[in-house]
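Residue numbering for the sequence shown follows the numbering used here, beginning at 79 and increasing consecutively.
Treat the hints as calculated values from the structure; they're not laboratory data. Please note that the accuracy of each hint is not assured.
Derived CB-CB ranges, DEER-like [unchecked claim]: (1) Asp509 / Lys543: 27 to 37 Å; (2) Ala557 / Lys454: 25 to 35 Å; (3) Lys555 / Lys454: 24 to 34 Å.
16 Å max Cα-Cα, derived EDC-like pairs, lysine to aspartate or glutamate [to be verified]: (4) Lys534 / Asp496; (5) Lys311 / Asp457; (6) Lys571 / Asp600; (7) Lys382 / Glu419; (8) Lys555 / Glu594; (9) Lys569 / Asp503; (10) Lys555 / Asp496; (11) Lys543 / Asp586; (12) Lys422 / Asp186; (13) Lys543 / Asp503; (14) Lys311 / Glu152; (15) Lys581 / Glu550; (16) Lys543 / Glu583; (17) Lys571 / Glu522; (18) Lys571 / Glu550; (19) Lys363 / Asp193; (20) Lys460 / Glu303; (21) Lys316 / Asp457; (22) Lys206 / Glu251; (23) Lys363 / Asp210.
Glycine included, every Cβ here is placed at the ideal spot set by N, Cα and C.
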Amino acid sequence: MHILPKHWRFALVSISASTTTPSLLLYHSLSLHLFLYLASLLSLPSDSLEPSITMATATDKLSSLTPAVAALNEISENEKKGFINLVSRYLSGEAQHVEWSKIQTPTDEVVVPYDTLAPTPDGASEVKSLLDKLVVLKLNGGLGTTMGCTGPKSVIEVRDGLTFLDLIVIQIENLNSKYGSNVPLLLMNSFNTHDDTQKIIEKYQNSNIQIHTFNQSQYPRLVAEDFLPLPSKGRTDKDGWYPPGHGDVFPSLMNSGKLDALLSQGKEYVFVANSDNLGAIVDLKILNHLVQNQNEYCMEVTPKTLADVKGGTLISYEGRVQLLEIAQVPDEHVNEFKSIEKFKIFNTNNLWVNLKAIKRLVEADALKMEIIPNPKEVDGIKVLQLETAAGAAIRFFDKAIGINVPRSRFLPVKATSDLLLVQSDLYTLEDGFVIRNKARANPENPSIELGPEFKKVSNFLSRFKSIPSIVELDSLKVAGDVWFGAGVILKGKVSIVAKSGVKLEVPDGAVIANKEINGPEDL
Numbered sequence: 079m080h081i082l083p084k085h086w087r088f089a090l091v092s093i094s095a096s097t098t099t100p101s102l103l104l105y106h107s108l109s110l111h112l113f114l115y116l117a118s119l120l121s122l123p124s125d126s127l128e129p130s131i132t133m134a135t136a137t138d139k140l141s142s143l144t145p146a147v148a149a150l151n152e153i154s155e156n157e158k159k160g161f162i163n164l165v166s167r168y169l170s171g172e173a174q175h176v177e178w179s180k181i182q183t184p185t186d187e188v189v190v191p192y193d194t195l196a197p198t199p200d201g202a203s204e205v206k207s208l209l210d211k212l213v214v215l216k217l218n219g220g221l222g223t224t225m226g227c228t229g230p231k232s233v234i235e236v237r238d239g240l241t242f243l244d245l246i247v248i249q250i251e252n253l254n255s256k257y258g259s260n261v262p263l264l265l266m267n268s269f270n271t272h273d274d275t276q277k278i279i280e281k282y283q284n285s286n287i288q289i290h291t292f293n294q295s296q297y298p299r300l301v302a303e304d305f306l307p308l309p310s311k312g313r314t315d316k317d318g319w320y321p322p323g324h325g326d327v328f329p330s331l332m333n334s335g336k337l338d339a340l341l342s343q344g345k346e347y348v349f350v351a352n353s354d355n356l357g358a359i360v361d362l363k364i365l366n367h368l369v370q371n372q373n374e375y376c377m378e379v380t381p382k383t384l385a386d387v388k389g390g391t392l393i394s395y396e397g398r399v400q401l402l403e404i405a406q407v408p409d410e411h412v413n414e415f416k417s418i419e420k421f422k423i424f425n426t427n428n429l430w431v432n433l434k435a436i437k438r439l440v441e442a443d444a445l446k447m448e449i450i451p452n453p454k455e456v457d458g459i460k461v462l463q464l465e466t467a468a469g470a471a472i473r474f475f476d477k478a479i480g481i482n483v484p485r486s487r488f489l490p491v492k493a494t495s496d497l498l499l500v501q502s503d504l505y506t507l508e509d510g511f512v513i514r515n516k517a518r519a520n521p522e523n524p525s526i527e528l529g530p531e532f533k534k535v536s537n538f539l540s541r542f543k544s545i546p547s548i549v550e551l552d553s554l555k556v557a558g559d560v561w562f563g564a565g566v567i568l569k570g571k572v573s574i575v576a577k578s579g580v581k582l583e584v585p586d587g588a589v590i591a592n593k594e595i596n597g598p599e600d601l
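Please build the complete structure, drawing on both the sequences and the hints.
Next comes the structure, spelled out in structure tokens:
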């Protein structure tokens, strides 16, 4: 298949739109028709578009979609514009693959080893002036539904009765108290989490921390069959819409007015992280390095383990640092991508970004991150969500770097198996920080696999009288109707799998080391 050179395709179809009126439709239609004309001059076949969308079809789709989107009253003009831009880029078939031979391993100047960073300034006043340049932003758009909880995921109790959000607030409160600084907390909500979050943050109103919230964009799901918005077919409830990934953090920060407000207060950097990553705490050494070296963007990466083989990695590509995701990798190189030998680091999604640079790039409509198509189904209707990731923006910023950080800065809680780790004696809680137990000799955490009986937080908690000791555990597999008594100690490799129809109760005080248990007789 012949592909029109990428710079032609990119220039013609990615016209910066300033409105969602018919003039926007005209721009996009003209660009697509011009594209079709050029394709005919170059004798390109009709399948020249990626992903296999003919020009006429692409034009038709946009022609129908644009007025339908313009008629949606539930979203703002900025959201309509952003959505049409995203769809037109998708229809243009921007290349997702990279030329494998051009990939280079980043040098230590591009991905800086954490232990080479200069120490934090000694004086409290110097630290205060550093912190006063900083804003902490937590991505708070996700629900706790995968763990059987209602409401924002950030309100799940993590340890000692404290939620993710409680811990984040305590951490920043302690920083502000210690140095007399004013580090504000921003929460980027989605339409799914906004209302609940507004009520929840009322409990922090007496803290010494300013908490601001804003919403990421609300985009309509596209019906796969005819490429029209699901809400325009009567589905105006939440199922008709989606939040378009955390790549939306940059335009949403700008459109909300928060970006200009922060710049007017003298803020320079935003530390962006997932609200469920307990390791994503403010690091003064990283902040100091970025300020001193005027880096506009920094992605924290950490060494891969076998559990992280699908995670995005940083590469040097055509003179710039770039995020490489598995979706961009040609099929014949996927195993190489997953190899820990060649691609040794992965993206933690802890990002430090210069606020002035965000403003410059958003205003220029220059942040054209790779589009992630996410097919879904709503009540039997096949729909499409187009999303972007914040990490992919790294290639658009000047002096962008990675910093290879210790694994302790990546402690996400995505499932109850992660909750077991952080609630166990493997960690302690100090001033809102989750600290790893020094008694653990192995630098890696044990691998934990819990069966579906433990998937929901309520079921998980009910099946443990107390969380077992796992300081000396290498791996744990639990499946079936298993219940744990108090004071259980697990060591080495442990497998506890109850046979179908059998209730298996691990007694109080049991010590299980390097053992497979399939019934009461094995205990």
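Kindly indicate which numbered hints from before are broken by the structure, ordering the numbers from low to high.
Violated hint: only 15; rest satisfied.
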